[in-house]
Structure formats: structure tokens, C-alpha cells
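S.K.: Read off the chains here:
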Amino acid sequence: MSIRMEQIQPIIDHEYAYLMAEHPHWSLTKGDQDLELVAHALRVLLHMKTTPQHPDEYLALVDCQHADGGWGKMSSEKTSAAWVTAFCALMLIRGNLSLKNPRIAESVRKCVRYFLDTQKEDGKWSDPSWADLDAVSHPVSFFDVLMAVGPNLVDAPTMVRVRDSWRKGMKFMLERQDADGGWYDPEFHPTGVEITAHLIQDSIVADLVLGDEHQVRNCCQKGVMKLLSVQAADGSWDGENVDHTMDCTRSIMLVCSILGTRAQCDRTIERGIEWILKHKCEKGWPDFPGMETNLERTCDGLDTLLKYKTYSQPVTTALVKLWGYAA
Amino acid sequence: MIFLAKASEIPEGERKLVKVNGVDVAVFRQGGRFYALNNACPHRQGPLSRGTVEAAAEGAGCFVRCPMHGWRFDLATGDSNGRPANATVYALDQRGEELYIEI
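Respectively, the protein sequence lines represent chains C and X. Note that our numbering has the first sequence beginning at 1, numbered continuously upward. Note that our numbering has the second sequence beginning at 1, numbered continuously upward.
Errors might be hidden in some of the hints.
[As the list claims (entries may be wrong)] Between beta-carbon pairs, the in silico distance windows are: (1) 56(X) x 178(C): 23 to 31 Å; (2) 60(X) x 187(C): 14 to 22 Å; (3) 55(C) x 12(X): 55 to 63 Å.
[What the hints assert, rightly or not] PhoX-like, lysine-lysine: derived pairs with alpha carbons at most 25 Å apart: (4) 73(C) x 30(C); (5) 283(C) x 19(X); (6) 19(X) x 280(C).
[Said to hold, decoys possible] Just a few of them, taken from the derived set where beta-carbon distance is under 7 Å, the chain C residues facing chain X: (7) 18; (8) 22; (9) 128.
Note that these hints are calculated values from the structure, not bench results. Even glycine gets a Cβ: it sits at the ideal position worked out from N, Cα and C.
Full structure from sequences and hints, please.
M.R.: As C-alpha cells, this is what we get:
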């Protein structure tokens, strides 16, 4: 690794201070918020290990959960949507590993019911704002985490239903991988870069459960190879898209660590990180180089650096924890 | 109406980001026609000025696809073809070499 941790840590500290200074713009304790931004910020708290200092942020998320177990795009919105509900659910189940709050545990159980109630017959979840593959991968990821760290949160019959639902969701995803290793959606993502990055990180856990049933390792390895093949010479992905470059860089870290192919991916990851560092604003990250800082992207940037910090210490379990797939 | 840009600043097939009264406006020139949309995608505020321009399969109309999560909008109407929100389109008037919009 040519990027030194002494270089990364001050940036993490600086950006975290900036995020906390922006607290009124992302905290539910300050009023109505965009819940995807809230979830991004809560993930930073998790990975900075500062969740225990911010229980109110997680409880405020519980307070705006709908009766059906879901959340809408904005905290004030009354209609539930699958994608944002999965993101909120992930933050609550992971946050409660340290908070151990019974209200949060009950909220997570409501999330479980929401996903069991809303899955379609073919295994997918639908969300008009997202491609089907994305709308499926996030609930699957929530169930990944539930099975890994929270099986005692729900009763045994519910856990049986969760496993069945998870298998159907996973099957929906794995069967739609293209022969070239990517996942595509002609309506939302013709290039497939972001979906592929999301799906390999959400699928890799299935290797531990499904064994060779769907050749999950092979699917994920093909997905990684696809992403490696479309990285630009400057280290970015998808036309200098900061979000997608962060997605790819993080996802490859996890998958290659589990597959044991770090040597093959180290330089790609490093180039991604170098590009991300190069295109930082004075405070935070933009959506594209030269644009103004975007708070959600800043959370992604922090998350990426925190994951890279862990990746650079080759203990796979520590890295897996940053996806919630281990307690 | 407010002055937006000179037509010559936006060659055919290109786009330009212009700030008007504090609003980021993405201006596109396609098929000899100019289009002006709010730059922020109504989904996650992705920059439409960085999007991919696509022609309709049947040859009618042009679209821009947001680079963040792929929502696609009709450049003329902002219609998102069933997504939960449409892009904001501004009325545009070409007066000789100069473009004006209503914002």
C-alpha cells in the first residue's frame, strides 16, 4: 500500500468534525430530514464507533417509523418505500448491537414484518425510485445482517420465514447476473456499475449459507472482475462519478477480502482511494469533481476511508463487521 | 424573462450549467433545439448537466438520464415516465443569438 495511514487519519478526523458541525442538516432530532441522508450519517457514527454517544439519533428514527414497519423518503412522508426502509433497518439493527435498546429491537422486528409482508412472489421488492435489483439487494442485505448478528431478535417461526424470503431475494439477484459479470438495468442503470458494486457486497454473504448452490463465489468474483475492467485510467468509475467510485472501491475491498483475492485488487482499490482523495472539497465530497460539497457524499467518503483503514489491516473479520455481517 | 446564455456557447449536442437567480440550470442543445431544466434530479439531486442524453427509440424526443441513479427525463417536458417525480423544466426563448428563460 502506498497510501499511508498517517495521511488518511487526519482527513477522517477533519471530515468527521465537519459532519458533526453540520448536525442540524442531517439529524432527526432537529426536525424533518431526508432519511437516506440520516442513514448515511448513522453509518458514519457506527464506523466511528460513536453510536453509544448518540442514542437519540437512533431513537428519533424509531419515532418516525410507520405502523407497517417502513419509512418514506422524508421522515414526514407517510408512505413506506423498500429501499430507504432497508437502509434505516440496517442502521437500527447494527446500532442496537451497542445501544441494546428494547424500543430499537421492537422497531427492527417491525422492519422484518414489513419486508416479509411486501416481498413479491418472484422474490423481489419494488420501489419506484430504484431499479428492482437495487430494491432487492438492500432488504437482502438487512436479512444478511439479521441472520448474522440478530437471529434472537425474532422468534423461530419468523426466522424460518426470513430465511425463505432471503433465499428468494438472493435467487432473484443471482439469476440476473449477466454473462460478463455485471448486473444491469436498462431502465435505471445501463452501465450497471453501481448495481454490480451493490450486489457483489450483498451476495458474498450467501456463499456462507448457500454453499455452491448458486455458485456465489464465482458470481462475486465475476462481478469484481467486471468492476476492475471498467475502472478508468484515473482510478474513477462511471465518468468520474464520486458516489459510484466510492461504491466500487468499498465493495471490492469486502469481496476480495472474503474471496482471498486481495493481491489482484489492491492496486485497483488504491487507485480508487487516490482518486477519491484528490477530488475532495475543502470540506466534504462532491457528486462530481468541481461541484459543491454534498453531505450524503461526505458520509460516503468518510465511510470509504474508514473501511480502507480497516482493509489496510488484513483482518477480514474486522472488515466484514463494517458491513454488519459479523457482530 | 432572464438572460441565460448565448446560443454559441452551447454547440449542438453539448450542454452547459448556468446559475440563474441562485438556481443551477442545465441547458442542453439537441437537434437544433435548446432545453433548460433544473440541474437537480428530483430523486437524489444528482446533476442532470452530467447526465447522458438519449434519443427515443422511436425517434421522437430526447431524454437525459441522471448519472447518479438512472432516472430518465424528457428534455422538453421533464416527464420521468412513471418515477415518483418529474424534472423541473423552464420555458426558454431564443432571441437571435441570446437565450432567455422564465424562472
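S.K.: What hint numbers does the structure not satisfy?
M.R.: 7 and 8
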